[in-house]
Amino acid sequence: MGDKKTKTVLGSSEVDITKVCRDIRGVEDIVLWAVENDWMENRFQQFDTRIFPFTDQADVSEWDSHLLDRYTPLYCNTVETCTDCPLGPCNLSSGKGVCGLEFEGYQARLSLRKACRGCSTQMVHSRELLDYAIKVFGREKEVSWGAHHDASDLSHIGLFTCIPMGGQNLADLDRALAYAEAQLVKLSSASFTGTDAIELEGMVFHAGSMLMIGKDVIELIKMSLFGLTNASDHEVSEMIDWPEVNVVGGLGNVEPGKPVITFMGDTFLLAYLVANQLKEKGLTEKVEVCGIGPAGDDLARFYERVRPLAPMTKARKILRYGISDVLVGGSSCMNLDILEDTKRVGTRVIWVSRDKNIGLPDRTDSFVDDIVKDLVAGAPGAWIRLPEKAAEVALKVLQQVKRKGDYRLSEEKAKAEAKKCREDCDLCFSNCPNSLLLSKAVQQVAKEGIKALAEVEKGCFGCGACVKICPENIPLLDLIVASMEKRAPGDKFKLRPGRGPLPRVETSSWAFSSMWGNTPGICHLLGCGDAKHEEDLGWIAYELTARNFITFVAGCAAGEVARHFNEKTKKYIFDEFGAEANLRNLINTGDCAACVHILDQAMKWPRTGAGASHYGNFAETADIYGNLVSPPLLVWGALPDRMYPIVAAWARGGCPVVVGPESAFDWHRFLPGNKWDWKRWWYYDSWTRKKRPVEPAPKHMIIPVETREEAVTAVTIMCQRPVAIRDFRLIGLETYVEFSLAAFGEWPDDWPLFVRSSWELPVRYKAKMLRELADKHGWEVERLNLKRAKHPDGRLVDMETMQNEFSCMGGVYPTRVPRMFPDPEIRNYKTSYEIGVKEKKS
Amino acid sequence: MSAKRPSELATCLKSKKRALLLTGALCNELNFDGKSLLDYAAEIAKKLKLPVAATANTAKGLKERGVEKVAKKYAAEIVDFIRGPEWKEPITTEKPELLIFLGYSPKVARGLTSGVKGAETVALGNVYIKEANYSLGDASLKQYQQNLEQLIKAL
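As given, the protein sequences belong to chains A and B, one line each in that order. Under our numbering, the residue at position 251 of the first sequence is numbered 251, and the numbers go up by one with no gaps. Under our numbering, the residue at position 82 of the second sequence is numbered 82, and the numbers go up by one with no gaps.
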């Protein structure tokens, strides 16, 4: 330990950091910083708060195991035979494997592998940008979350490493990312050696948390060193319309005749370098800069002339459509056969990823002019691993390359191809991941022309499964792409660029408006591109926001939401709603990496509401947050591996996740909760230390749905929490019932599970609800009030007993983690509640 | 399991006393020359007097078609309830021994049937689902319609 300081003073209390941290060696400075800058004396006196700097999964297992106990993993698309070691293969359907691995354990291993794969795609990108930043700016270069962020603002970096929020530099980020990378290696190893299903699923959660650190790192660099929008540097009063809705996207907004350069995937750095050169050379009006996937979302935060085109899931169709003269591509959340499509249309590819190639010659060490000459002459692309050189080449090629020829099928050719379609085949329909009725549409093309494919095209990801299966070798993807020509001129939307983080000063301002019954809830929206119905995400965002939800969106979902146009008001959705973190507002935080701001701001509640410091303190933070707020996340559309750990990170924080539609059912593991099984639904009353039953809230932790109507209904009821107060519960229940009636024509079957008192029944439906509680569920009703209620154990009890024994009305402080009991025997402080309880007993 | 002919499946369906029909999103999307998949779902439910867990947005349409015991449910919830030690889902008093999936895309049907533990499964789609205990075989839409007609006739 040496001479390092290990004690400090917190108000009138002395804190010995060797007592709050298991192994203080090497982390004395950051633990002392957290205690001195973010701990509150009252909290310290009442609770057994600890710090786990550079947390291992096992340090958080007390919380993870609670979640997995209530929400038992449900495995789908299971694999029975393990081939992980040379002693196998072992068929696990009939018993244990050689190593003792059981069927469930193997499914959990596969779940962890999927999470690690997804996490790796982010880590690679974060590491690339961090290494570049260190090279250019030096390790001591400061980074900042913004002027309004202070020590109490949460980041996943602080949450898991304890590295301070203020005064960070690139060396700190290197330390944080190295920790996350090392954890990822451990998790990857465990995905081949672990045997306990619950432990492995806890590691899936951990992979999600590590992914969030990667996202924190990359966002900090982008905002601090490359000038991306950062709301924390602006006044809260500006946020209602900041950033302005000034980015137009879609194929219809790309001006014909101008050279087009498109950035695709995680190519932020190249986009930044090229955009800056265009500005310096005065070329911004002469060149169209487009973005696919995260590149488009990033560009929107510093280059308003960008044209975001599509999410990554629909990238292939855009490439084959042939709008781009130059494509700058890099690693991303999805693998595509890029050259197959770009060669057909003459688009020159500059591949910039450092971790993998796509079959292009490595021209990193060639002279710029030689590369340009070859590309202009017709070479399909070049792999260039030096960002500055790649940017220079891209700009020069863009100004010189002339593409010729027709890239799309003509009407006549399309009809001729369509005529080959067999009447009684439908293999394309059977093999389409979105179950698009392609065969019927193609048969119509033969009669009506290419316009017959318009609807199918909107829902097509361009995966090409139909092409591979067609017995007549009809170029179905070409037909679909040809039909885009009809839609392209009208393919337009308006986007509010991402704003970056939300400081606590802003989120605190809506604490009251959200708590007191003016909103049914808060919803986070993510997704990698819309599903078979392109309008789904916009519809979902509109329905929720118009109902007074506080709606957050990030990543490719933001671009899809932006397409929503209200015919009545003649406004795009981002023009229709404000952008501050408040009711009936729609907040875009930025690209895929910027989704971390949504979770970071959400998990600040324990600090705001309960004075709990988050530094190195995930379990306590999640316990408070999960019980108090933890808004649901809705993930919609095609779901690449990266989304798996993202969802895990949300779920670990206690945020229930709804995934859909078709792609979600491909997932390997869900975390449903059985609402009828009362044994699962309990909390400790932390004052009495006894378990008390609560309503099933949130109903599920990860659940798939089929339709957008199911999605909004599920999201609404999953906003309910046992500790939520009357008005919030009332409006939530009302919205739940109304969504259900509108979409399904009936009341949800589980609404009585969420009733605790007459005061929490929506006024509009109160009489009907009371009648039904009396007639069908055995409650006792007197006029417009509940007189006696059905306790989950079957007893008919008076309302006072119900309040005393059930759920968390009347100031009950709930926890699922025994360590979180306040401890009056050890601490020298007693709450007025405890004193009152003792007096009452005596 | 190998693919079953409609008549074989009809025998299987009739032999089970505690069956539950689940109707998915495709019921509202697939049309066969004026007759929708939801129409077939309603006919199967009526002929076998089955309770129906109407998932996606199929509840309204089934009620309009005169199906009596139908309630809005979520597909994944039913799969979860089935594996529980006690069946408390009010749609049926006893735990179903057979789940019949109709109107689910192959991807969704595979996901759902592979997750079912504690009951047998039947997939009535136009693609063979190997994860189900019983499944119709691969078929074009026209053949699929014929399969459904034959199945209903044999019930």
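In case anyone wonders, no lab produced these hints; they're calculated from the structure. Please read these numbers as outputs of a predicted model, since none were measured by experiment. Each hint should be verified, as a subset may be incorrect.
[Stated by the list, open to error] Partner residues aside, some chain B positions facing chain A, computed with beta carbon under 7 Å:
id	residue
1	Ala25
2	Ala59
3	Ala76
4	Gly84
5	Gly111
6	Ser114
7	Lys117
8	Glu120
9	Val127
10	Lys130
11	Ser140
12	Leu141
13	Gln145
[Stated by the list, open to error] Just so you have them, the derived chain B footprint on chain A, three or more residues with Cβ under 8 Å:
id	stretch
14	580 to 590
15	594 to 601
16	703 to 712
Cβ coordinates follow ideal geometry from the N, Cα and C atoms, glycine included.
Hints and how they fare:
1. Ala25: This interface hint holds because 4 Å falls under the 7 Å limit.
2. Ala59: Given a least distance of 5 Å, the restraint on alanine 59 (chain B) holds.
3. Ala76: holds (5 Å)
4. Gly84: holds (5 Å)
5. Gly111: With Cβ-Cβ at 3 Å, under 7 Å, it holds.
6. Ser114: Because about 5 Å separates serine 114 (chain B) from the closest Cβ in chain A, which is inside the 7 Å limit, the hint holds.
7. Lys117: violated (9 Å)
8. Glu120: violated (16 Å)
9. Val127: Hint on valine 127 (chain B): holds, closest Cβ of chain A at ~5 Å, below 7 Å.
10. Lys130: Violated: closest Cβ of chain A sits about 11 Å from lysine 130 (chain B), beyond 7 Å.
11. Ser140: With a minimum Cβ separation of about 4 Å from chain A (threshold 7 Å), the hint on serine 140 (chain B) holds.
12. Leu141: At 5 Å from the nearest chain A Cβ, leucine 141 (chain B) passes the 7 Å test, so the hint holds.
13. Gln145: violated (11 Å)
14. 580 to 590: That given contact is violated, which follows from only 0 residues of the stretch 580 to 590 of chain A lying within Cβ reach (below 8 Å) of chain B.
15. 594 to 601: As far as the stretch 594 to 601 of chain A goes, the hint is violated, because 0 residues have Cβ atoms under 8 Å from chain B.
16. 703 to 712: Coverage by chain B holds for the stretch 703 to 712 of chain A (7 residues, Cβ < 8 Å).
Violated hints, listed in ascending order, are 7, 8, 10, 13, 14, 15; each of the other numbered hints is respected by the structure.
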